[in-house]
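K.L.:
Single-letter residue listing:
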Amino acid sequence: MNKDLSKVRNIGISAHIDSGKTTLTERILFYTNRIHAIHEVRGKDGVGATMDSMELERERGITIQSAATHCTWKNIDINIIDTPGHVDFTVEVERALRVLDGAVLILDSVAGVQSQSITVNRQMTRYNVPRIAFINKCDRTGANPYKVTGMLRDKLDLNAHLVQMPIGLEANLQGMVDLILMKAVYFDGDNGENIRMEEIPAEMADEAAERREALLEEVSMYSEELMEALLEGSDNIDPALIYSAIRRGTIDLEFTPVMMGSAYKNKGVQLLLEAVELFLPSPTDITNNALDLNDGEKEFAVTNNPEDPLIMLAFKLEDGRYGQLTYVRTYQGELHKGDTVINSRTGKKVRVGRLCRMHSDEMEEIDECGSGDIVALFGVDCASGDTFTTEGINVSMTSMHIPEPVISLAIVPADNKAQVNMSKALNRFTKEDPTFKTFVDHETGETIISGMGELHLEVYIERMKREYQAEVAVGAPQVAYRETISQHADFNYTHKKQTGGSGQFGRVAGFMEPMEEGDYEFVDKIVGGSIPREFISSCDKGFQKSMIKGALCGAPIVGVRCTVNDGSFHAVDSSDVAFQLASAGAFREGYMKAKPTIMEPIMKVAVEVPSEFQGPVMGSINQRRGMIIGTNEDGSYSVIEAEVPLSEMFGYSTNLRSLTQGKAEFTMEFANFKPVPKSVGDELIKKYEEERKNG
Amino acid sequence: MGSQLNEKAPLHALDISASTQDPSIGLVIARAGLGKTAILVQFALDNMLQGNKVLHVAIGAGVEKTRTWYEDLLRTINGEDIEEIPGIMKQRMIMTFQESSFSKALLAERFNDLVDQDIFSPDCLIIDDYDFENCSRSDLEELIAFIKERNLQMAWFSATSHREDDRKSASGVPAPCNEIEDLFNNVLFISPAEKEITLDILKSDSSKVKVGTSLHLDPSTMLIKKG
Ligand SMILES: Nc1nc2c(ncn2[C@@H]2O[C@H](COP(=O)(O)OP(=O)(O)O)[C@@H](O)[C@H]2O)c(=O)[nH]1
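These protein sequence lines map, in sequence, to chains H and A.
Every position in the first sequence, counted from 1, becomes a number in the numbering used here once 878 is added.
Every position in the second sequence, counted from 1, becomes a number in the numbering used here once 629 is added.
This is chain A alone, in the form it adopts within the complex (with noise of 0.2 Å):
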């Protein structure tokens, strides 16, 4: 397809494209209604418009719901509708779980199934509103290794945090994820400022990114303001 996200989309300042042998694991964490799907969202788009598959898990959200944010993101930051651009619906598939019934197992099964029957094979993963306050670091390093063996390209969760809970680990992670940003190559962290939106690198696994930099959004859009 060769085409990409408008190049305000924020993941070019990231070179976070999806690399070529470890696969990259990232997390971008806010709290609620700040736009975290969006920047997934984003993610995907560009991986879909480079021609990979990106299978995107919503965890408590519906299926209608998730294919709005495409449409939607696409038509505003691109001026694009998603129907038009030939072979691009083939690239997503969209899973979505009630909260309490989403697992590894129950992903691992249901990701075999579709590679199994040939059905879709993702290059890229995207698991949006992760429970990290209820699942142990032992179920996420399960997920984790399950990606690796799979071969993916990149993972990217979603962890909301809340005002409340002021705990943070050395560089920065606020929690549900304090203790386990080890397991991420890349986190990003989103927070409101003055009539723009935050986006602060705390990690990053390319050398050409400086991490502690921060990229000023406009809330509209998710796209780096001009200037």
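Chain H on its own, in the form it takes in the complex (with noise of 0.2 Å):
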């Protein structure tokens, strides 16, 4: 199978809610012919868009599940991956975003840039993917593409510029200039399926003529045969060379084209779907890496190359009317039918039997799949995230760090039938989306899940009820506090109990720092045998055990390095348990001295608000401890950026409503850990005791 990658599109479409990406999306499956009517989204004839698949989603107006479907744009493999809309789900987002090569990133023609626009602009530019711009809905009222264009610029800080012209606003939209080919686009037909190119509408030939002279100056600065060929004038210039400008600099991230239409009215997606394919990058004119687990996560670039061994990465689990599907993106190498690929987290071998690519309305199955495709397979018990490959390499896709989660909340089950689904559904979620995760707590026998927002959680909670059905009460949500030390400090305690028969003894010394990346490092500097061998990981293992529980407020400990340089041991008395123990004392003692703090997880909130409601929504933040970054004005909108405690957050949408009569809407991003203030450290250290106390 040698196939043409230049003519693979793996893509991406990101919104704001509302703004119309499922709309946008049903079209394009449309007119790529997979789907042979158009269904009005939250329609009439209930059958709703085929991407979002999931009953909860729709209810909620939130995409959660990335699925990926196929479609075919005239001899353009496109694979549309669904991109969760909400940030909450920090690791599906960057996964969705790991597997896909270039965006397009939808804008209302009348709100322009919002909250989720930023957040969602913000996470494509941290994993450098190339985009377009969509602004959608050109036919409402107060539509206004030039301005939604200089709203990009300013606010997103992208070199945007349109390529196209509408032919009417609002009510009129009836079609759009095209500025490279200078030629007027309709779209005749009941679903605007008959493209008619016509000459540009007299009245509008300066203005179109003057864009384009601007957009080719700036695009010039892609291409240097453009740049020549202008010198001549702009009147003949081979369409091809614009496109092959504008196309170098979207791939580089310099650029960013602006189309236009409405999804709704069936105006300006297969121009969309054009830019997709001259625009956006195949999967060879961008560099994936891989992670080589044999050189310490050493990255590489994949090769794309059939002949070379398999690299495939397994993006997204689902438990679908087709039974458990695991979707992949292969790197390099080929997967036919009936191989047996390793699974490189686990090392388990796996077999596929079945793969088969999902389209909108079918499922095809297929015998094989190479570079660059995104297909399901079936029956392929693995996580999300488990990168697969052919025997003799060891890469992964994705590094193992997974980021901590920053909230946790009690689930008591109704009883015993819905005991047994939520732990089903546990099992289940934990394998799809690692930064969920579930614990029992032995002090009080509860079970915990925990994870990275508090919408989060309510998904799987929902999810919970009604795929599994599984009734649970939830307790109330608790910030996921971490302890850290400032400084270093030096330990050295001995361990030593003589009850009855033989006792135990063991001394080790040492020294504690902080360390910025990471949360514990182990660091062996024991010479001449003062610790024995046997027992320095003994020494490792009561470190780690300390840092389960910090003593300040029961947190976790992050970012400590323990050396120890010296001890002593005892022939008889000395054993693995009495190192251990004495390591924990060593801990305890090096701790307090090392001046521990409580650290809390810090978010980043977008507000997005009428501008008569800054003020008071300022204040809001201000009260929640949170330090406002910016604000930016444009007439009647605001956006506030910020960072805030999560603890501070609870409630935060209800606050939000009441101050502003349920104008402003808001949208959070993990940011970072920071130490708490002493007051609320303090406080969290009074209720620790105080819980020790009766616990």
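Take the hints with a grain of salt, since some may be wrong.
20 Å max Cα-Cα, derived SDA-like pairs, lysine to any residue [claimed, not checked]:
hint	chain 1	residue 1	chain 2	residue 2
1	A	Lys-854	A	Gly-841
2	H	Lys-1025	A	Gln-727
3	H	Lys-1482	A	Lys-694
4	A	Lys-733	H	Gly-1493
5	A	Lys-719	H	Glu-1521
6	H	Lys-1482	A	Ile-714
7	A	Lys-733	H	Glu-1490
8	A	Lys-694	H	Glu-1132
9	H	Lys-1473	A	Pro-715
10	H	Lys-1482	A	Arg-696
11	A	Lys-719	H	Asn-1500
12	H	Lys-1025	A	Glu-728
13	H	Lys-1025	A	Ile-688
14	H	Lys-1552	A	Gly-716
15	A	Lys-694	H	Gly-1508
16	H	Lys-1227	H	Asp-1186
17	A	Lys-694	H	Ile-1507
18	A	Lys-733	H	Phe-1491
19	H	Lys-1482	A	Glu-713
20	A	Lys-719	H	Val-1558
21	A	Lys-733	A	Ile-688
22	A	Lys-694	H	Asn-1037
23	A	Lys-719	H	Pro-1523
24	A	Lys-682	H	Gly-1508
25	A	Lys-733	H	Ser-1489
26	A	Lys-694	H	Asp-1130
27	A	Lys-694	H	Arg-1031
28	H	Lys-1552	A	Ile-711
Bear in mind the hints are in silico, worked out from the structure with no lab data behind them.
Assembly of the complex is requested from the two constituent chains, each provided in isolation within its own frame, with the hints serving as guidance.
P.N.:
Structure follows, in structure tokens:
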């Protein structure tokens, strides 16, 4: 199988809620001939869009699953990867961004850049995803694609330029001028399926010429050939030259072409598809890196070569109408039906019995897949984020580092049946999503779930009820604090016990110090056998156990490097247990001298609010110990960006609603851990002391 | 905090550290793309490092872009990561406005919101890319009166001049500020020269500074060139 990878596009479509992502996706699938009727979103026929396969998503109006849908536009294979809209789903978002090569950012022609557009754009920048902007809803009253393009530049810092011009706007939207071909484009037929190209209306010709001139000047930066051609005048330039310049700028993340239309009125969607082909990268246009697990996770570029060993990332698990499906993207090598592959995380071999390509309305069984492909595998047991390879290489597409949860809550099943179902559900969810964790608190016997935000947990609780019929009572959400140390401290501790028969003896000396990256490190500097070899790992274990619960507020300790450089032992009384206990004692001793502090999760918050409410909203953020980073105001709307401790964000949506008559929206995303102020720390310490006294 | 900006930063040659009585009102003027924002951000950073609070108003730019200026500048000229300096992020707030929506009245309203609710009390104000072309003298007078009334220690504006407009005031301040230079007690003019940037001191309120001095800056760092 030797496929032309230049004809493959793996794309995501991202938007602020209600900008028309579902509608646009539906239209794309219609024009690419896979859906035979257009359904209104949340429409009368109740069929709904194909992408939002989960009931729950539809109800909340958010897209959680990142299924991949395959379609064909002319001779281009397009895989649409559904990017989760909500940032609480950190790992899911990141994984979706990982497997796509380019993206379409949808904006509402009236509202423009909204709070979620900012967050999504930030994530795409972080993952170097080239993007096209599509200004949707140009049929709405107040539509202004020029203004929105300005917002893309000002608010998102994108070098955004229109490659089209609207012909009529609002209710009078007729079509658009293609500034590259210099033609007017109209969409005829019941569903806009017949494209009609005409001369540009006379009254628009001058403006169109001016805009084209400006566009060409801008994009000539990315192509010397185009720059030279421009010197001869801009009239007879080969469009291919312009396309390749825009493509270069877009792929290098220096330029963002802006398209427009109305998904609802069937205008402009096909041109967007053309743009996906023309401007967004194919799998070979960008570098994807894998991590060499035999060489300290060192990055190397995958080859896309079908002859090379297989590298394939499982980015999504789905329990759907077809049973368990694992969505994978292939980065090099080939996979054939019946092949055996290795899961690089577990080392286990798995035979792939069936593979298929998911179209919007059907599943197509296929015999093989290769580089750049996105397909689904049947009956493969794995977790989301696992990498599959053929024998002989040991690589992973994703780092094994998973962000620690920032919030947790207790769940209690309603009855026995719920108990059984709850376990099933939890088992499933933790496989799908590594940031969702669960454990039983040994002190209370309660089941605790933890994750990346309030909504993240809420969605899983709903899924438990709906998909698994597990009714559970839910406790109040708790912020996941951390403890850490702020300075170097020495320790030297002797554990000695003489009761009856054999005693326990061990002495551990050394120091602990803060470390910036990573949670824990153990350094063995023992010389001359003052602690025998076989007990070194006991010291390591002793420290690690001490870090599970900090002495200040019972939170896990992170960011500590422990070095042992001295000790003593007893020929008879020293043992594994004795050295573990000695290390635990040493840790306790050092910890309190190392200026321990409590840290709390800080969230990056963006609130979008009508300007008249800006004052009260800033006040509300301030009251929540938030730090306002900046505000952006464009007449009627303001976006306030701030960093706020997660513990202060509970109930914020209710607060915001009442402050703004329901006219504000906010999004938040985990930013980092920061030390708590003294008053908050004291409070937490007091609470923990009381708990221990009573518990 | 007590640390300071790289000693080659031109502001050290200008003696414009927050004055005690009257606020000092400054202007940086240049054609587009010569580094006005960089000079303003240097002033702001220096103030922040000294423990003063800076309100950075950017007209026509976004929050993210403005933040990046601070990060990049501090990294290039001081080799420091702004996020790593304890407490410094609390010394700055960024307010960005779309060109058409900015006015003195709106700024005053926002400013008062911040101060009255005890959210942020600026000592220093930066107004980057104030629209001198479309604002009248009285608009500016009102704005400056407001700055004085709120007891700010200093305020710096930037203005964009244009190649094709060669009007100039007696002390050499180009259009669009040629007729309002009397409202400022410090005026700096940036112009390109071969492989360097020239910063001319057209006006100064310090007795230590000689008006008419030209500083030669390295365009990649906006620091005074060695030698
Ligand atoms: N006027 C107008 N409405 C649209 C357009 N596209 C989508 N909508 C409507 O906007 C609402 C939200 O659309 P939807 O596709 O669900 O947005 P999503 O939340 O981004 O998936 C629905 O009521 C759509 O019918 C458009 O181009 N013009």
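K.L.:
Now tell me if each hint is right for this structure.
P.N.:
Status of the hints after comparison with the structure:
The straight-line distance between the Cα atoms of Lys-854 (chain A) and Gly-841 (chain A) is roughly 18 Å, inside the 20 Å bound, and the hint therefore holds. Under the criterion of a C-alpha separation no larger than 20 Å, the hint pairing Lys-1025 (chain H) with Gln-727 (chain A) is consistent with the structure, at around 10 Å. For the suggested pair Lys-1482 (chain H) and Lys-694 (chain A), the alpha carbons sit about 16 Å apart, so the restraint of at most 20 Å is met. Note on Lys-733 (chain A) and Gly-1493 (chain H): the hinted pairing holds, with a Cα-Cα distance of about 16 Å set against a maximum of 20 Å.
Between Lys-719 (chain A) and Glu-1521 (chain H), the direct Cα distance comes to roughly 11 Å. Compliance with the 20 Å bound is thereby established for this hinted pair. Under the criterion of a C-alpha separation no larger than 20 Å, the hint pairing Lys-1482 (chain H) with Ile-714 (chain A) is consistent with the structure, at around 19 Å. Taking the CA atoms of Lys-733 (chain A) and Glu-1490 (chain H), the gap is about 16 Å. The hint holds against a cut of 20 Å. Our distance criterion of 20 Å between C-alpha atoms is met by Lys-694 (chain A) and Glu-1132 (chain H), whose separation comes to about 14 Å.
A distance of roughly 17 Å separates the Cα atoms of Lys-1473 (chain H) and Pro-715 (chain A); the hinted pair therefore holds under the 20 Å criterion. Under the criterion of a C-alpha separation no larger than 20 Å, the hint pairing Lys-1482 (chain H) with Arg-696 (chain A) is consistent with the structure, at around 14 Å. Taken as a hint, the Lys-719 (chain A) and Asn-1500 (chain H) pair is honoured in the structure, with Cα atoms around 12 Å apart against an allowance of 20 Å. A distance of roughly 12 Å separates the Cα atoms of Lys-1025 (chain H) and Glu-728 (chain A); the hinted pair therefore holds under the 20 Å criterion.
At most 20 Å may separate the alpha-carbon atoms for a hinted pair to count; Lys-1025 (chain H) and Ile-688 (chain A) meet this at roughly 15 Å. A hinted pair counts as satisfied when its Cα atoms are at most 20 Å apart, and Lys-1552 (chain H) with Gly-716 (chain A) qualifies at roughly 12 Å. For the proposed pair Lys-694 (chain A) and Gly-1508 (chain H), the alpha carbon gap of about 11 Å is at most 20 Å, so the pair holds. At most 20 Å may separate the alpha-carbon atoms for a hinted pair to count; Lys-1227 (chain H) and Asp-1186 (chain H) meet this at roughly 19 Å.
Between Lys-694 (chain A) and Ile-1507 (chain H) the CA atoms are separated by roughly 12 Å; this keeps the pair inside 20 Å, and the hint holds. Pair hint Lys-733 (chain A) plus Phe-1491 (chain H) holds up; C-alpha atoms about 18 Å apart against a cutoff of 20 Å. In summary, the hint linking Lys-1482 (chain H) to Glu-713 (chain A) is supported, as the alpha carbons are separated by about 17 Å, within the 20 Å threshold. For the given pair, Lys-719 (chain A) sits about 19 Å from Val-1558 (chain H) by alpha-carbon distance, which is consistent with the 20 Å threshold.
Taking the CA atoms of Lys-733 (chain A) and Ile-688 (chain A), the gap is about 12 Å. The hint holds against a cut of 20 Å. For the proposed pair Lys-694 (chain A) and Asn-1037 (chain H), the alpha carbon gap of about 12 Å is at most 20 Å, so the pair holds. Distance check on the hinted pair: Lys-719 (chain A) and Pro-1523 (chain H) sit about 15 Å apart at the alpha-carbon level, within 20 Å; holds. Proposed proximity of Lys-682 (chain A) and Gly-1508 (chain H) is supported: the alpha carbons are some 14 Å apart, at most 20 Å.
Taking the CA atoms of Lys-733 (chain A) and Ser-1489 (chain H), the gap is near 16 Å; set against the 20 Å cutoff, the hint holds. Simply put, Lys-694 (chain A) and Asp-1130 (chain H) have alpha-carbon atoms about 19 Å apart, close enough for the 20 Å limit, and the pair holds. Between Lys-694 (chain A) and Arg-1031 (chain H) the CA atoms are separated by roughly 10 Å; this keeps the pair inside 20 Å, and the hint holds. For the given pair, Lys-1552 (chain H) sits about 15 Å from Ile-711 (chain A) by alpha-carbon distance, which is consistent with the 20 Å threshold.
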